[in-house]
Amino acid sequence: MPNRSGSVYGLTILSPIIDDERATPSHDLQIRNYLAKLSTREDSPFALAPGTHLARLVVMDDVIYVGMPACEEHLRSKYLVFESNCDGDLDGYLRGLADSIPEHLDAIWKHCVGYPGAANRQAFIAYMKACQLDTTFYFAAVNDKSVSETLRALQTQTAVADFIATHQGADAAALQQEFIQFVARLKSLPLPRPGSMDPHRDIKTGGRNE
Amino acid sequence: MNLVWRWSEKFPGSAPVTTFKEYIARVQFDTDYYYTAYPHATANDVKSAHTVQSSLNQLELLAEQCNPQQFADAYLRFVLQVQSHLGETGEAPTAG
Chain B
1 MPNRSGSVYG
11 LTILSPIIDD
21 ERATPSHDLQ
31 IRNYLAKLST
41 REDSPFALAP
51 GTHLARLVVM
61 DDVIYVGMPA
71 CEEHLRSKYL
81 VFESNCDGDL
91 DGYLRGLADS
101 IPEHLDAIWK
111 HCVGYPGAAN
121 RQAFIAYMKA
131 CQLDTTFYFA
141 AVNDKSVSET
151 LRALQTQTAV
161 ADFIATHQGA
171 DAAALQQEFI
181 QFVARLKSLP
191 LPRPGSMDPH
201 RDIKTGGRNE
Chain V
1 MNLVWRWSEK
11 FPGSAPVTTF
21 KEYIARVQFD
31 TDYYYTAYPH
41 ATANDVKSAH
51 TVQSSLNQLE
61 LLAEQCNPQQ
71 FADAYLRFVL
81 QVQSHLGETG
91 EAPTAG
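As given, the protein sequences belong to chains B and V, one line each in that order.
Everything in the first sequence is counted per the numbering used here, starting at 1 for the first residue and increasing by one.
Everything in the second sequence is counted per the numbering used here, starting at 1 for the first residue and increasing by one.
Derived by calculation from the structure, the hints in this document are not laboratory data.
Check each hint, because a few of them may be wrong.
Listed next, the in silico EDC-like pairs over lysine to aspartate or glutamate satisfying Cα-Cα at most 16 Å (straight line) [what the hints assert, rightly or not]:
| hint | chain 1 | residue 1 | chain 2 | residue 2 |
| --- | --- | --- | --- | --- |
| 1 | V | Lys-10 | B | Glu-72 |
| 2 | B | Lys-78 | V | Asp-32 |
| 3 | B | Lys-78 | B | Asp-62 |
| 4 | B | Lys-187 | V | Glu-22 |
| 5 | V | Lys-21 | V | Asp-32 |
| 6 | V | Lys-47 | B | Asp-144 |
| 7 | B | Lys-129 | B | Asp-89 |
| 8 | B | Lys-37 | V | Asp-32 |
| 9 | B | Lys-78 | B | Asp-162 |
| 10 | B | Lys-78 | V | Asp-30 |
| 11 | B | Lys-78 | B | Glu-21 |
| 12 | B | Lys-187 | B | Glu-149 |
| 13 | B | Lys-78 | B | Asp-61 |
| 14 | B | Lys-37 | B | Glu-103 |
| 15 | V | Lys-47 | B | Glu-149 |
No experiment lies behind these values; they were computed from the predicted model shown.
Construct the complete structure from the given sequences, taking the supplied hints into account.
Printed below as a string of structure tokens:
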């Protein structure tokens, strides 16, 4: 299935934006205005909803004309393009969005033609799937790990680097004991929040100003 | 690149790079909103992190079962396995 690579799903949705001369500002501008104010970090709606590796939203005004000899064509409508790399099956992912961030979905997609609202889960899922484009080719660099597994692995990577740095030349028995304690401590740490920039470590460049 | 994009109008080919980049910039749609669950990590960081996690899981199984010398040998092999996967993640250093 071209929409899937391993356990990761590549979702592309194109929703036509309402063209209403009386709307001020126009619906596409209202979407852009909302998106410009939306957090992209740990309080992003997509961090609150489960299973999003990456998400992109684009307001597409028209197709691009590259000049002669191409035929000049135009779209009949502006489109909202939503792309997401997510875990699991599509129905479950869309249901997770509708359950977790219905107010954000409504604030964005209410400017699109035929959007039924997130409150009606079945209608919402049917609408999103009706607007879906099948992916022709999909490549994910890591396609067999969930968001949680990747966040955990990144946390482990940082901790292991620190552990190795602080245990160089350690006695074998002490090393074994401290390693067992280290792994237990690591497992007890809370999972980093999706979209967060932690862990923060100062980057040492070795420059003369350090 | 050429085999995929050759069907597009005015595609200049992937080399020389200047005309290629001009073409990409011309047909690009700017992103209005972009979110990633791990903004501090590149694709290679993510692959490396899973390599470290996998190696750590294997060493953990061994750590409870072997004597200190056996563990020290296994730990050394672990360090050799993961040493090229421990690069710094985070915001890229910027000038100024």
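(message) Check the hint pairing Lys-47 (chain V) with Asp-144 (chain B) against an upper bound of 16 Å on the C-alpha distance.
(response) Roughly 11 Å separates the two Cα atoms, so the pair holds.
(request) Please work out if Lys-21 (chain V) and Asp-32 (chain V) have their alpha carbons no farther apart than 16 Å. (result) violated (21 Å)
(message) Can you confirm whether the C-alpha distance between Lys-47 (chain V) and Glu-149 (chain B) stays at or below 16 Å?
(response) OK: Lys-47 (chain V) and Glu-149 (chain B) at ~12 Å, within 16 Å.
(message) Need the status of pair Lys-78 (chain B), Asp-30 (chain V): alpha-carbon distance at most 16 Å?
(response) holds (14 Å)
(message) Please verify whether Lys-78 (chain B) and Asp-32 (chain V) have alpha carbons no more than 16 Å apart.
(response) holds (14 Å)
(request) Would you mind confirming whether the straight-line C-alpha gap from Lys-78 (chain B) to Glu-21 (chain B) stays at or under 16 Å? (result) Holds, because 13 Å separates the two Cα atoms, which is no more than 16 Å.
(request) Starting from Lys-37 (chain B), check that the Cα of Glu-103 (chain B) is at most 16 Å away, please. (result) Answer holds: Lys-37 (chain B) to Glu-103 (chain B) is near 15 Å, not above 16 Å.
(request) For the pair supplied as a hint, Lys-78 (chain B) and Asp-61 (chain B), confirm whether the alpha-carbon distance does not exceed 16 Å. (result) Since the Cα atoms of Lys-78 (chain B) and Asp-61 (chain B) sit roughly 5 Å apart, the hinted pair holds (cutoff 16 Å).
(message) Hinted pair, alpha-carbon criterion (16 Å max): Lys-129 (chain B), Asp-89 (chain B). Please report holds or violated.
(response) Measuring from Cα to Cα gives roughly 12 Å; hence the hint holds.
(request) With a cut-off of 16 Å on the C-alpha distance, tell me whether Lys-37 (chain B) and Asp-32 (chain V) pass. (result) holds (10 Å)
(message) Does Asp-162 (chain B) sit within 16 Å of Lys-78 (chain B), going by the straight-line distance between their CA atoms?
(response) violated (50 Å)
(request) Measure nothing beyond the straight line between the CA atoms of Lys-187 (chain B) and Glu-22 (chain V); if it is 16 Å or shorter, mark the hint as holding. (result) Violated, at about 48 Å.
In this structure, the earlier hints numbered 4, 5, 9 are contradicted, and the remaining ones agree with it.
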